[in-house]
Amino acid sequence: MTGAELARALLARWWVVGLVLVAGFGLVAGAFDPGGATWLGVPLFLALGAAAVLDGRVRLAGRTAPRPLFTLEGPLIWLLGAYVLTRAAGQFGPHLFPLVIGLVAWLVATFPRATWLKLVIVAVCVELGLTLAARQEFATFLIHGLVTAGAAYGLLRLSHAEAFRRRVEAEQAKAATESARQEKARGFGLLTTQAPSISSLPGLAEAGDRPTVGRMALDHLDRAFNLELDILRKALDLSAAIVLWHDRDRGVLSLRGYTGDGQVADGPYPDGAGIPGSVLRDGTEVAVAPVHAGAGGLPYRGPDPQGVGAVLAVAILPEDGGRPLGVLCIDRARPDRWTEAERGAVRTAARKLALDVAVWQRLKQTDTEATTIHRICAGLQTLNGALGIDQAASAALAAVRVLVHPDLAVVSTIRGGAHVVLRAEGDGAERLTGLHFAGDEGLVGKAIAHGRPLPVNGTWKGTQGVFTAADRLDTMRSLTILPLTKGEGGPIGALTVASRAEGAFGDRQQEVLALIATQVAVKLDLAEAHEQIREMATTDGLTGLANHRVFQQAFDNMLTRAQRQASPLCLLLIDIDHFKRLNDTCGHPFGDVVLRGVARVQAAAVRKVDLAARYGGEEFALLVEGSGEDGGRRLAERIRSEVEGLRFDHERGPVSVTLSVGIAAYPADGATKTELIDRADKALYHAKEAGRNQAVAWSDLAARTS
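Each step along the sequence shown adds one to the number in the numbering used here, with nothing skipped, and position 466 is 1424.
Hints are computed from structural coordinates only; laboratory data are not their basis.
Some hints here could point you the wrong way.
Claimed, not checked - In the DSSO-like style, the derived pairs of lysine-lysine whose C-alpha atoms are separated by at most 30 Å in a straight line are:
| hint | residue 1 | residue 2 |
| --- | --- | --- |
| 1 | Lys1631 | Lys1646 |
| 2 | Lys1640 | Lys1566 |
| 3 | Lys1404 | Lys1444 |
| 4 | Lys1646 | Lys1538 |
These numbers were taken from a predicted model, which means no experiment stands behind them.
Please construct the entire structure, taking both the sequences and the accompanying hints into account.
In structure tokens, the structure reads:
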């Protein structure tokens, strides 16, 4: 190893400790005090901040770093950072010192004794250094020590420290084990970007009860690697056989298999170190025999390997001949040169290791795709069960939510050339739900016009309106808008999905969203057709009013409600006077125009709780809830008067019509539907016999007969 390589290796392993030492001396020297040496304090402060961020990212990701004091590095940075803040605050420093006290107490209560003792020693050294440098009084030193010790002791007693530490250590060990498995799976290519979302998909509850392919793969590879290494060691009389796997993201070689005499360093090791680093760079093999004392070059054996006479390192190459996946290293005590037969056996073993990993990668990929497809189908069951348009939109967003975890999902549809947001979930959903905007407006309009998803790569910077000009969604960093198209027809809407995370919608997520969009388009089209069919079954096609069947059903329901609540209900039967003569004179098409005009007046006159229906031919029926005869008579007169004022244009000149109305009210005029219809019909007949263009109630007839 050259001097430069040694320096880089030392720097990679000890840079955090070095930074802490320099910052500690700077702290004692007053570099962080107001008016101190800013040329030193500011760079050190920034370096500590950067180190804290890097350390936090590594720990939050559940990873470790290839440094011997990694466990101590984070707490050291936090502790020194707390001291730096108290010194930099000047006269306000004493108010911030509880931060140091609380941090030390927490470290004592949660870390193993071997760890927190070192941290307490560092804190004492800092306090002692500040006191000796005359930067604080000796009394302050004593007070800080007593208060910190008291806080740590109190927290220990409060949390039953020993039991609490055991639980923390157990959780940490569990997390470390799982992190190691995740790291190993990632290194072997057994993790995919789709995997995190699969576990949250609906359906297939039994999948969680069986071992996953990824877990089985790791167990198999552990056994297979160790078995192959053991066979190799016994066949070639080796001292050790080791598999080092390359983690390109972290730039390290990790120990993934070992059999042999004695102990080796667990690693990970820098990927450019020693003989394995050379093999990794060149993709070939390196044979050294004999190995001279102190030669080094084997990071897993330490700087001065003892009892190693010959070393052979072979690259583990993928099937496609790309960059090496790792390095297979063997060594033995005898200093004899490696024969070609021995080297050939090691190359074969390396190929077998690569093949094992490749097979499990393919099995994992197949399992991932099968599970994804299966669970997508399960997720779309809700969508397939939806009948109405609103139900279909809600089911679509439910499927999107569990498949890609967006921060905002929107389903919009095209109605009359304009866009309407049917349903929105997530950030700003309340404002977007029900939003109307022009069909060609915003990025949604462009996506529909081009007939393809936008933006192309799913990246979003909030530079333009998504729905309207005001809807930039500038807090989102990923966006995809998928047009919803029905078969060979035109677009019917759009599915818009956004996330605050960058790169949230990669190729796999885009494929899933495209599948959902296709199903949503089909379902919305079917839902619209279903609603049209339902409307046709309940609505008179000519007038748009309820048809006779709906009138009969509604009458039953409204009469039952009136009986239960002891409230009145009024029935109006309306007939257009001389309508047959109008049809014979002006023609049936003109008669249809008159029917529609009269129906519009009635539809506008009734409340939402009432019902206007076409009873048959030129007859109409109105049901007015909560209203007796007087209310029904007022409504009848208003409708009769308004219709009388209508003028219908005909080639022979303006045409006007009049209405006759019969009124019957519950409970005064009858207790059953049959009685009320019969008496309203008789009142209508009397209105026509009495000269038409008038409203007559059943009570009027009863008064005359009495």
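Among all the numbered hints in the text so far, which are the ones the structure does not match?
Per hint list: zero violations.
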